[in-house]
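Engineer: Can you join these two chains into the complex? Each is in its own frame, and there are hints to help.
Chains S and W supply the protein sequences, listed in that same order.
Mapping of the first sequence onto my numbering: residues 1 to 236, in sequence order.
Mapping of the second sequence onto my numbering: residues 237 to 1336, in sequence order.
Do not take every clue at face value.
[As the list claims (entries may be wrong)] Pairs of lysine-lysine residues, derived as BS3-like cross-links and limited to a Cα-Cα distance of at most 25 Å, are as follows:
id, chain 1, residue 1, chain 2, residue 2
1, S, LYS180, S, LYS46
2, W, LYS1124, W, LYS1095
3, S, LYS46, S, LYS65
4, S, LYS171, S, LYS65
5, W, LYS1252, S, LYS180
6, W, LYS1093, S, LYS135
7, S, LYS135, W, LYS1124
8, W, LYS427, W, LYS508
9, W, LYS1081, W, LYS1093
10, S, LYS135, W, LYS1095
11, W, LYS301, W, LYS459
12, W, LYS1093, W, LYS1124
[Stated by the list, open to error] Facing chain S, according to a computed beta carbon distance under 8 Å, are these residues of chain W, among others:
id, residue
13, LYS547
14, THR629
15, PHE633
16, LEU637
17, GLY639
18, LYS697
19, PRO787
20, LEU789
21, GLY842
Everything labelled a hint here was simulated from the structure, so no lab data went into it.
Bear in mind the structure is a predicted one, so any value in this text is a computation, not a measurement.
Glycine is no exception: its CB is placed at the ideal position from the N, C-alpha and C atoms.
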Amino acid sequence: MSSRPFAPEADIAQYLVQQAPYYVPVHQEVELFETAYANQLPVMLKGPTGCGKSRFVQYMAHRLKRPLITVACHEDVTASDLVGRYLLHPLTDARRILPIEKKAELLEAGKEFMLVISYNPGYQSVVKELKQSTKQRFIAVDFDYPPPDVEARIIQHESGVSAETAAALVKIGEKVRHLKQHGLEEGVSTRLLVYAGALIQRGIPPHSACEAAIARPLTDDLEIQRSIRELVSAVL
Amino acid sequence: MNDPHQSPSAPDSVELRLRQLADALSEQLDSDDVRETLRQLQPVPASLRVMILGLGLLLAERSVKATAEYLRQAPLLVNRLGEEEWGPWVGAGLKIAARSAVASVRYFRESPQLFAEIEAVDLRRLVIACADQFAEGDTGLAMELVRQAPAVIRLLPSEPPAARVELVQRWAELGGRLALQDSILASEYFKQSAPFLLHLPASALQVWAELGGTLVQPNQLGKPDYLPALEYFRVSPEWLGAVAPSELRSDLLTLVRALTDETPDRRVALLKQAPQWLQAIPSASQRQWLLERVRSLAVESPSAAVALLSKGGELIRRFLSRAPQAGPVRTHRDETGEQEWRRRLDEWVLNGRQLLRRSPGAGLAYFRLESSAAEQSLDHAAGGLSLRQVARTLMLFAEGLSGYSLTIKPIERGPVQAGPSAGAEGRSLPDQLPYLEGRTLFLPPFVSEFGSPDENFRYYKVMTAHQAAQLEFGAFEVGRAPLIELARTLFGEEHAARLASAFDDPSITAGTTDQALERFFSASAAPALTNDLWKIAEGARIDAALRRAYPGLRGDLDLVAGYTLFLRPMIDPVELTLEAIEAGRGSGLSTVEQVVELLLQLSMAGRTNAPIPPALEPLLIELGGLLQRVQQPDATAADSLRAACECCLFLTRRLTGGMERFDPPTPTSAQASTNPLGQAGATISQGEPGDYRVLTDPQYRGRQGAQRGPSAAVPLGRSAAQQQPPSASTSLNRTAPHQSDQPPGGEGASLVTGESLPDASPTTGTPASAGMGTVDRMPRLEGGTGIFAYPEWDESIQDYRQGWCTVREQTMAAPTKAAGGADSGAVFIERMRTTYRGQLLLLRKMFERLRPDRFKKLKRQEAGEEIDLDAVIEAVIDRRVGRTPSSKLYIQRDRRDRDVAVALLVDVSGSTGQRLLGRPSDHVGGQESAPSIIQVEQESVFLLAEAVQAVGDALAVYAYSGNGRDRVDFYLVKEFDEPYGPRIGERISAMTALVQNRDGTAIRHATRKLLRQEAKTRLLLWLSDGRPFDRDYEGVHALADTRRAIVEAQRARVRTFCITVDRWGEEYQAALFAPNQYTVIDDVRQLPERLPRIYQRVTT
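Excised from the complex, chain W in its bound form (with noise of 0.2 Å):
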């Protein structure tokens, strides 16, 4: 074999040399291992042999296993490792050797696979080196380099070559940097270092690694904790693989490392959460801000930056659903959607950041969106206006324009459209359309449709002045002798008669013009299409007027209609013939829903969103003329009816070739699933010309012949319409032209602090099983009558949190006979009637005092019925020997009604319980034991619901307990408007201990069922027994919202008063009311007798 290596001049040197080499490891090895090696590395050229068995010489000092090992995997290796390898693949071994044995014999068996799999050189030589650097610190972090190197190496991008070998550098150099923290660390980071590089790049190394780093922190005993960051090296990589795109997987973990302010624990379970919760975010672009935004808040606060991250979804969706997409405005600025949303959430994300300086309570709150603040700004930011905010406003703007006395209420939220890019179906939001019912004007609750409020406003100013308008003008109000007229000039005489006759049927009461209407319409051939003209022709026909009428509304006017018209379904441009139209091409749309469609854009902009199909344009340019007339000045309803009959005349003979009346066609459900006007879907009615689809309303005009007057009927007509099939609709019925969009009963959502939530509406947390042996002790109800959501006062954040607090309000039941203890209501009744006769008796007569006396008169008024002699005598004589006389000279009648509506609101928190001990009972006949202050409360509800009845002040007792926000429990005891009776006595004595008091909460509910009496002077009577104290709920802070609900209350003029039978009240009371506000009863048993005192004296 020539060998090159082999020097010439020195063979039998160099075959000396290996026989030493080979006698000396023998004598430490098994020689047939050696021999073995030597037979093996026979074809290798003999000064390589040299070195292999020499190094093996040297490895045999330090450990003999090592280099059995090492002399087994030599032949193998021959092929792979340059000459050059040789010496610090084994000088590192030779290190690690030193250490370790074992260490070294698993180097030697291992390693070799780094060869195998890593073909470049310089890789594998610094892959050897930095083990060999590890290996003077520790063996096993040097194996786990090299075992881990062949994979992390295969992750990493392979060009440019030199690039490659400083990201290896690098990782190695990163888990030296562990190593010096803890080589447990160092060796986990080896171990998952290529999960990792699955999923993201190396540049994230350095991150990741340094934030591992991080994660140690002293536990309780003073010693490092390596548990949090050894899980983290463990999961992270699956974790963040679950983001996407891959790119936030970097930026998450930067965020991570930023929140140093956390402890390792969070921050793990924040790694773990925060890709739930990103990935709960639809749009990747969303993602991106959202952390971009949390990582430039972090610099700032940290705990704020994790709860925009956590609450960023939420935000998000929340700023969707009030910025939907785009309207015309927004096309006018030139920024695409995605500039926008971000221009606006950044909007929002600002004003936090200007809180958080402020108050980090208060920013900390906004971020986690529990503010009102928060939800303002998101309203703001949203460029959205909230009927809230202006619905006085509009309402006196609707009655100025009117004369008419309006309430304005918002129309029930349908479901969110939430997402970008709502197709068809989410241009009209048909259950958003403003309406009129009775003398109730329903708009949308919030308005975004333009990029400011002020644009928004203009928005709500149109839609309320275009109904107002149907007020002033009388839409669709058509009188018996045109409709009469109207008839018989269409349909004939014989109709007309009929007509006639149905306005003189005594089952149509007068006025309701609106089943003669019906009666008119039955004998129309396509009465769903002449109901269609007619809208438009009096929507055209209303405009006008408005135009007319208020000039100034015509640039808000031009704004709105370009808008609606923008969200008007586009009739096919493309140049069809009358023919090819009628054959079914072009749009979604039959030809005739496209004339009306047109028509329809015509009669709000005098334009259309698409050039109109030239075949079209002679009928158009005809019906226009028709439509014409109803924009005179001195236009009616009953114009607008003609010229829509007559347009539908017209339509129908040019469309159906000269036909006066259709055949009724069938219709076919096929088409009507196929509606391209939306999803609110669309009756086929029949008579109509090729299945006619009904419109949708246009925005603005909101839906029109909406049943006007105090007419009950319309609920009902409209859902029987509801439960028809389609196909059976034969008449027209004018109350349910939009099918979905139904509206919600008379009651639109409260405007009200306490907004009444569904009953179904599922509630965090299960308070009810909170607390183990409360179960037991909830009082059986009667059925609860719903659940009301209020906000609660954070003094730290001096801001609402809205919506914290559930009530649930429930009816108080009557103990069933068997529950222990409690006295069954008929025996309380009749126990506390024994015992208390004599003081019953008493302040009967009492409060049949407080009746006012309405023949009493009042001595020396400024002004009365009759002179007051008395006084005039004086002035008299004042006058005579020159003083000023008084000018108080009459006397006057007391004509003061007493009116007054009392809420008893009493403590049955968990307190109530105790037992008063100290003196034996005396009052309470009979009993054995002390008595407890919920029974001492009892007694004196009992004495006071007695009393009132003599004065007859309408009376409402409420009791309340709770457990958490989630639960406050409200029970109703009296309604002000259940008599006093049996029913009401076991009620009474119903009342239980039951668990905490969230008093503020319980303030406001009762403060609400107040303000529904009507009554000159509403007084809230607190009974409470100690401070307020719920879950998260003590202290100043309850203090704080305590006090705020009864400022409410006062600020909404009921009158409150607080009778607490706390010794120690006094402190807290103080704090909570003006000193003649509360009384402190510091002996519980006086309270029955005290009570209707206290009562007597706040009510005069």
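Excised from the complex, chain S in its bound form (with noise of 0.2 Å):
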């Protein structure tokens, strides 16, 4: 969400988020977005991947009505990717000003610009640590998976189906999820739980779906996978 975009040719209002996404909020992540958002404090979002970090952040520029500009930063992007360009620091402290060097302007953001940033820990996380120097210019606000309750509610209305189903995945999901650490490096997350329940409601046996949207993508460990297969098929 920027006053001026990043690339002033780029038509701002297209990056309004026009739909309200579906989001159910958890703690009190909400009224912490908001009141940074009010007080120009730059946030982080930490947490697990998909579990709901980027609708949280669709969600929140609909709420404040902002366009919404993403960056993705896959394993491939480096700091220099964007320090080189875009020198970060400066913008995340009370100068919010963006040095572009090689066109030599200087960007000032305007006061309902918001630099969020999602970070998952634990994921990349020797390799591509971030540093301190950054963490600590940011308010972070702790994802994790929602809570059971919350989680059924997400998946029966994402992907349509009945609530006990939705119940059952959720249930996956938290057997799985003990999982992490001893043979996953990340449990489940509830958006291939929501892909599982989609693939259930559009006709696929529940057991082949979850094999395919839980077993396979979390893991190519065959016993892993083999002991995922059980657990999917004890709940279900």
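Structural biologist: The following block contains the structure:
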């Protein structure tokens, strides 16, 4: 959300979030975010992949009626990709400026500009830990997988499955998340559970759906896959 | 005398003829003899007399002595021999006489025995006719035939007569065929035929004879060697006689005959051993099966067949130990137990045959039960599943379910239950019950209760789920408040207060609910009964929770509960009145025990394995109602406990006539010994109604109520309880409910490659005494520290031979002062320190530099704590001039710790004893003679050990040698955790050149020890002095195994580096290692200097 787009030639209006995204607040993240926005504080969303960080930002953008510009940082993006082009640090502190040296420009952030970064601790952890100097410029909002009832509601809403199936998927999620650190790098995300629900809703048998949406994407380790399969069939 | 043969028309001519004959005979023989014969023949019709004498005269032309014998026998035979028999009989004698007078004398003396013993004329004529034929070739043989015929004929089936004739004919023909090879052979055949027929049917004669014929083969001089064949004929009847049932004897013969590729000696030896092998197999049908399979295998590969024959007993035993008696699943199939094991073992044989076709060597190892392929195939054939295969899956499954981090270990195997018909004791294998100890889940190492691996996996899964659920749903966990509350309602305020004070007792640490529970139970009049009921209630609660939480497990639970039900004792279904039951009639269980048993069955499967005795039905309905509460979703362990107490009260009231508390009854040990609940035996607890005997735990629920959490008191309490006589256990000891099922200590059998064997395990052979002169060269042992078995890779079969090598690990003992030549430790260290003073100083400095500098700065990093100003300036310049700036702009502190564990493995085989001639030794101060390799090795190890001190790496030094696969000696010179000191120096100096080197095994063992070290870098530094070489361990095989061992180590993330002092080491080292993983030092004198440098290089 910026008052002036990074690329001035783009039409800022197209970045407005038109439809209200489905989001179920879990704690006080909405209030916290709104306060940060009001105070021009940058926000860092921490949490495992697929637990709703991006959805939350969309939801907030819609709620605050701000255009949302997303810069995806996948594993190949290094600090210099960002730093070389955009030196973020001055933008995040009281200066709120973005020097673009190649163009010899100095952009000043408007009042409604808000920088939000999403950050996944653990994931790519050792190699690409966020530097303290970066981390300490943000207000952090912790995200985790939603509580079972909320997660069930989300799955039900997003995929259209019955409450019962959604509950079973949540339970599977809970069991599989137990495996985190013991065999899996990350637990199964809400997103994957939604995908599984979507497959089930479209007629794929539940076991196959979970196989495709949960066991296979999570790991290449055949034994862990089998364990997941057993957990799935225990619950279903 | 009215003689029909006498022709009335020519009596005179007959008489005349007789006289002529007598005269002619008398001319050649003693006339008295002739006269005597004539006198004896007087009653015989004249015509017959003429024939007898005529024949005699004919014979006289050949041999006078034979004729005399003939004449002596003739009068005795007139009544036995038909007229038509005389001609052939004497005719054969004539032929014999033509060749040997002596033989014919014997013929006439002995052959009448035939006529005495054999009634059937056709048989006699046949024998004589055969003898006649043989006489043309070998008179001795003819004699032997006649001599043996009566005994042989007696042993032949007498009906039908025609068949017997045929058999005799056959018998003689076979002898004739052998005679073509050699008459001695045939003669032995005839001699041994009767003993043979004592044990085997006549139909087997042919195989027997033919096999004998094939045992003759040319010896080294090119002449035929009859010895094995002769021995065969002599002793095979006896050997074969040992095989039972007798039908198998001819099968065995047929088999050995089919093994045409084996040498005669081997085949004879086989025939001798095979009966012993076969008799070691308990059941006749198993023996039969084995022989059938061996025979069909022999067509493809005789040697594989022999292997199968010799290992058949072991195969069957191992199979049965894995696939024990039937479960309910098996009864669904339309096959008997017999058909089933046949089918499964056939599958095993079939797999072997397929392997055999691909690789004969691998097939052979398979049938010898040596290869891991054989093992796996056996697992599969047994339908079973080994924990090893699924441990990780189960562990993750349990973690997923419970959310706790768990370890899975196998229960150590108890005595194997062999045999297809284990009785009631065999029904429950108490030592195979799963249990949870702390966060370790113990499961049976192998499961074969069901017919397929898939079902067996489900069984494992249910066991795991139930144990995990105990954690998940807090089984047997009762908090303080509910416990006190329960005590108050059940036992009164006083006990509740006591219990509450127990919780405050400082000797009871927080969290040990078990002790509080014990106090709780001590108030109960029937603690064992209450405890059993509690276990039932908890089991039911956990099962219900499982079924509710995991609908997908319901089917599995049903399957396993059904099976478990099948294993439970059956309650006598006969309709009994309550009084009759109380009078002790019916099943071996007391009424209370019956009720508890039935309740358990109902709680598992919702049904019982036999109809409930109607007298007990109302009781069970009531109890079931009480238990139903625990199956509700919100039930806790405390609810179970309450239900159990209530059940107990109810039961005792109903069965003992309203008594609230029981009088302490006297336990009778006699009843305990007839405990029908299994050999586990049962404790009789005082205060139980009617000597209540504790329930055996159901299979899948496992050993219940085992203490949980890290309480270390568990094993202690358990063993203490076991030492108590049953009658002395006055209070409930929850840790010892099931007596003999003592769990192993914290250490389950290891799942890694090398399995530790019990120290007392017998090893084959006596390698220590195998090599003369090696015994006195063995270093003194400070005491063995362990025996380990390792597999060995066999390149030729492309498979591991399981448990092939035995490592004996022992501490290298310091030499005694008296030991000739070797320095005492102190002297050695002193001498070394003096000799190498300068080098040591240098080395220490060098090694100190290896210590990581924690504050070293790494410049130009992608990320870091500081900005690298130089780099930034360059980047700015770059940017200004339009070049892409580098992104490496930071300085990072090096936080890498040096975390190195190194095992130095030193070859001390015999070849290291070689002295290094050629150059005078200039660096071993004061030594007159040239040093040996081992001395140089010692010095190097010493220097390295001193130097490594400076850097602080974990270093272990091992030496190895050995003699054969049964004895790979592995000496501990320095263990990782041992501090370096004079003692280690002494051990280094004690290293002496020993026997041979089986490198692969030593590398495996060192790797295993290294893997126990928690270090980022693990390095195996191998100091070798030559090719791997040991008994049956050389050439390609030894290199391939060593290479395998190295690859195994590398796969386990152990780095390997080899230093070889063999000048020609390059040839084979290149085959073993990648180029940067070894170095060849051609002048061993450089080793002390180079070893530390190499160390430095490979650890950084």
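Engineer: Now tell me, hint by hint, if it's right for this structure.
Structural biologist: Tested hints:
no.	hint	verdict
1	LYS180/S <-> LYS46/S	holds, 17 Å
2	LYS1124/W <-> LYS1095/W	holds, 8 Å
3	LYS46/S <-> LYS65/S	holds, 23 Å
4	LYS171/S <-> LYS65/S	violated, 36 Å
5	LYS1252/W <-> LYS180/S	holds, 23 Å
6	LYS1093/W <-> LYS135/S	holds, 23 Å
7	LYS135/S <-> LYS1124/W	holds, 20 Å
8	LYS427/W <-> LYS508/W	holds, 20 Å
9	LYS1081/W <-> LYS1093/W	holds, 22 Å
10	LYS135/S <-> LYS1095/W	holds, 23 Å
11	LYS301/W <-> LYS459/W	violated, 38 Å
12	LYS1093/W <-> LYS1124/W	holds, 14 Å
13	LYS547	violated, 33 Å
14	THR629	holds, 5 Å
15	PHE633	holds, 5 Å
16	LEU637	holds, 6 Å
17	GLY639	holds, 4 Å
18	LYS697	holds, 6 Å
19	PRO787	holds, 7 Å
20	LEU789	holds, 5 Å
21	GLY842	violated, 20 Å
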